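Asks: What follows is the residue order along each chain.
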Amino acid sequence: MILFNYVASFFLIVLGFYTIVTKYNLVKTVIGLSIADYGVNLLIISIGFNPGGTAPIFTPGEIDPSAFFVDPIPQALTLTSIVIGACVTAMSLALVMKIHEQYGTIDTREVRRLRG
Amino acid sequence: MSTALYQHFPILAVMVLFLGAFLIVIFGNVKTLRHLIALLSVTVSLGLLIALVKPVMLEGEIIAYWMGARATAGGYAIGIAMEVDALSLFFGLLVATAVFVSCVYSIQYMSHDDNVGQYYTLFLMLAGGVMGLVLSGDLFNMFIMVEILTFAAVALTAFRNTAKGALEAAFKYLVVGCIGSTCILTGTVMLYAQAHTLNFAQLSALLPGNMNTATVVAFALLYIGFSTKAFIVPFHPLAADAHGAAPASISVLISGVLTKSGLYAIIRLSYFLFQTMELGTMQFLLVFMGSMSMFICVTMALAQHDFKRLLAFHSISQIGYVLTAVGLCTAMGVSSGLYHAMNHTLFKGLLFLAAGAVLHQTGTTDLDKLGGLSKKMPWTTAFFLVGAFSISGIPPFNGFASKWMVYQSIYLKAVESGNIGFLFATIIALVTSVLTLASFVKVSQSVFFGRLPKEYENVTEVPWGMRLAMCLFAVLCVVTGLFPDLVTRYLTQPAADAVFNASGYINAMMGSGYAESVMSVPAMAPAVTYVEVGVWQPVSWLLILVITLLAITIVAIGGQYDRVSESVSAPMDSKYDLFFGGEESVYSQVGGEDLFWGFKHNWRGYFSFMHKLHSGIVNDYSLWAVVALALVTLYMLIVF
Numbered sequence: 001m002i003l004f005n006y007v008a009s010f011f012l013i014v015l016g017f018y019t020i021v022t023k024y025n026l027v028k029t030v031i032g033l034s035i036a037d038y039g040v041n042l043l044i045i046s047i048g049f050n051p052g053g054t055a056p057i058f059t060p061g062e063i064d065p066s067a068f069f070v071d072p073i074p075q076a077l078t079l080t081s082i083v084i085g086a087c088v089t090a091m092s093l094a095l096v097m098k099i100h101e102q103y104g105t106i107d108t109r110e111v112r113r114l115r116g
Numbered sequence: 001m002s003t004a005l006y007q008h009f010p011i012l013a014v015m016v017l018f019l020g021a022f023l024i025v026i027f028g029n030v031k032t033l034r035h036l037i038a039l040l041s042v043t044v045s046l047g048l049l050i051a052l053v054k055p056v057m058l059e060g061e062i063i064a065y066w067m068g069a070r071a072t073a074g075g076y077a078i079g080i081a082m083e084v085d086a087l088s089l090f091f092g093l094l095v096a097t098a099v100f101v102s103c104v105y106s107i108q109y110m111s112h113d114d115n116v117g118q119y120y121t122l123f124l125m126l127a128g129g130v131m132g133l134v135l136s137g138d139l140f141n142m143f144i145m146v147e148i149l150t151f152a153a154v155a156l157t158a159f160r161n162t163a164k165g166a167l168e169a170a171f172k173y174l175v176v177g178c179i180g181s182t183c184i185l186t187g188t189v190m191l192y193a194q195a196h197t198l199n200f201a202q203l204s205a206l207l208p209g210n211m212n213t214a215t216v217v218a219f220a221l222l223y224i225g226f227s228t229k230a231f232i233v234p235f236h237p238l239a240a241d242a243h244g245a246a247p248a249s250i251s252v253l254i255s256g257v258l259t260k261s262g263l264y265a266i267i268r269l270s271y272f273l274f275q276t277m278e279l280g281t282m283q284f285l286l287v288f289m290g291s292m293s294m295f296i297c298v299t300m301a302l303a304q305h306d307f308k309r310l311l312a313f314h315s316i317s318q319i320g321y322v323l324t325a326v327g328l329c330t331a332m333g334v335s336s337g338l339y340h341a342m343n344h345t346l347f348k349g350l351l352f353l354a355a356g357a358v359l360h361q362t363g364t365t366d367l368d369k370l371g372g373l374s375k376k377m378p379w380t381t382a383f384f385l386v387g388a389f390s391i392s393g394i395p396p397f398n399g400f401a402s403k404w405m406v407y408q409s410i411y412l413k414a415v416e417s418g419n420i421g422f423l424f425a426t427i428i429a430l431v432t433s434v435l436t437l438a439s440f441v442k443v444s445q446s447v448f449f450g451r452l453p454k455e456y457e458n459v460t461e462v463p464w465g466m467r468l469a470m471c472l473f474a475v476l477c478v479v480t481g482l483f484p485d486l487v488t489r490y491l492t493q494p495a496a497d498a499v500f501n502a503s504g505y506i507n508a509m510m511g512s513g514y515a516e517s518v519m520s521v522p523a524m525a526p527a528v529t530y531v532e533v534g535v536w537q538p539v540s541w542l543l544i545l546v547i548t549l550l551a552i553t554i555v556a557i558g559g560q561y562d563r564v565s566e567s568v569s570a571p572m573d574s575k576y577d578l579f580f581g582g583e584e585s586v587y588s589q590v591g592g593e594d595l596f597w598g599f600k601h602n603w604r605g606y607f608s609f610m611h612k613l614h615s616g617i618v619n620d621y622s623l624w625a626v627v628a629l630a631l632v633t634l635y636m637l638i639v640f
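If you're matching them up, the sequences are chains E and L in order.
Numbered per our numbering, the first sequence finishes at 116, counting up by one with no gaps.
Numbered per our numbering, the second sequence finishes at 640, counting up by one with no gaps.
Source of the hints: derived by calculation from the structure; they are not laboratory data.
This structure is a prediction, so every number in the text was calculated from the model and none was measured.
30 Å max Cα-Cα, derived BS3-like pairs, lysine-lysine:
no.: 1; chain 1: L; residue 1: Lys454; chain 2: L; residue 2: Lys376
no.: 2; chain 1: E; residue 1: Lys98; chain 2: L; residue 2: Lys612
no.: 3; chain 1: E; residue 1: Lys28; chain 2: E; residue 2: Lys98
no.: 4; chain 1: L; residue 1: Lys612; chain 2: E; residue 2: Lys23
no.: 5; chain 1: L; residue 1: Lys612; chain 2: E; residue 2: Lys28
no.: 6; chain 1: E; residue 1: Lys23; chain 2: L; residue 2: Lys164
no.: 7; chain 1: E; residue 1: Lys28; chain 2: L; residue 2: Lys164
no.: 8; chain 1: L; residue 1: Lys164; chain 2: L; residue 2: Lys375
no.: 9; chain 1: E; residue 1: Lys98; chain 2: L; residue 2: Lys369
Here chain E stands alone, though its shape is the one from the complex (with noise of 0.2 Å):
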């Protein structure tokens, strides 16, 4: 059922969106950020999903108006996503250990040395 991919991905979003601005715990924030990120993922992925139709790989002359496929070109975004999610995830989770070297902590509450 495609709708439901829709709903579930949008609640994922606001899933993640709710988890960055409610934890105070910065791996917490992290997590927030990936969930929304798959959220996005699974919208993209539901966007080029034709029910039925085969996978888009076609040797040049096979391919006629007949041929049911899914989108491909969603397929290449969501992966170029998962890509840029996953640096996002490395990035951050890098900042969070050197932050816990230098503050001692990781509630956001008290990395707040930059503020006014």
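Chain E is already provided as a structure; the job is to place chain L on it using the hints.
Replies: Chain L in isolation, oriented as in the chain E frame:
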């Protein structure tokens, strides 16, 4: 389509920067080689864009470039495209200039850091990301470039990770930046689901007039996503944190280049993709957010104690001017907004470089500790003053010319539309300018004038390479201020014309006649007249300035000036110490903090409220982002 050689220049200008980044990964251990590679790539990139000025700016050609020669099939754009019109080229030139000067500055500025090879890799990735964004013709490519530049900027913010707050600033920037990126990606795929294309030109033809709930939400998502990249209110705390922690050469890029990429994307979205700027409600949104940015950030800047943090708030305040002017949807408004965007890159870059020079020589940017550096660093002081005069809008420097045009265009808009709101915007713009001047009086008083603290008595002038970089920006500030008519005719007016030429943009990409066949052609804006702008003579103002400076110099050299101060300080001999009290300090320094205490005291409610609001907790800043997203989505759903 002609296949002139310059058609390939845009992609080369982007590629050469990324190529330089990868080469530095390999050869970056050798000092001279990495400087050579970095300088070569930024110079080539700048040169390629300058070569495009003649066909694109002067002859009005729009370059559409398809990667791998895949173009359109069955009325759909299936390849990945770059499209360069005068607007893209205008922003591209700004990017290339700022990157070039910042690279020249970096060579000596970063000489005391380790891992400089990685610095240049990230530097060139950042430059390439922004360049790719402004020259791209594909919405998803824009997202990729946004991610590249966000990553590079975050990494560079944390580059000096032992500096105060660098890691914290980088983390906050990453979190809110990623919320923005998620918004951009969601908006992009929602548009793809509606229109089945990612090509900018084709989307611009298909979307206007066919708005439904999904595209409106996508617009709101994209708008907020790119706003986080431009750091307009409510995303300004990130800019302040990032600028304060990043090396000065990177602050130049964050303020001069990154914010411009966000602005560029907002212009593209609202004038091309959705073509909604003729609606009063949309103008209200941009002018409102611009005015808020102007006022909130300038008052925040007044309360700062850190040189670079103060400059960061001013940077966003000036971005507010640009957004307000662009939001007017008049040819003169857009033209003046772009003019101010250009000047902002120049004078803000200059000021950040001067702040970096102070940091490089003294090791601090704390306004309460510095003072009297004009005796030790005369060149830096002179360059700083050029930048301060420019940003405060003092004739004949460039800030005056563009700010004047901005006031004029907002006021004319108020008169034309009879809308009282634009009058308020004019007043806010004027008040902001006054407050800007006030806070730069404070900075120059507490950093460059006043008494020199004991520990800085051995401070010397910065090396020539850094002075050269500052000199380049200072010269550009003066030149663009002295010849506003030439700048408008050859740079901003073609770019402003391009903003109102959406159908030309679409046809250049999709084949002529496509725009007319798919959409109802948007009304062309009337040609703007610059008669009222040219009434003032910048050269005569320069003469007055020179004469005044000469007079002051003559008085100072003639000794009149010195004799007075001598007679005051003469009896300070140690043998009289006996007759005085225990206090050693006779001369009391007026700190930067005390200069406007009266004003700040009267407004203490507002200032303490704002201070509490900018709590430094990443959850709060994320909440602002989410609330802004919700409000803008709601607003757009109501008005469309």
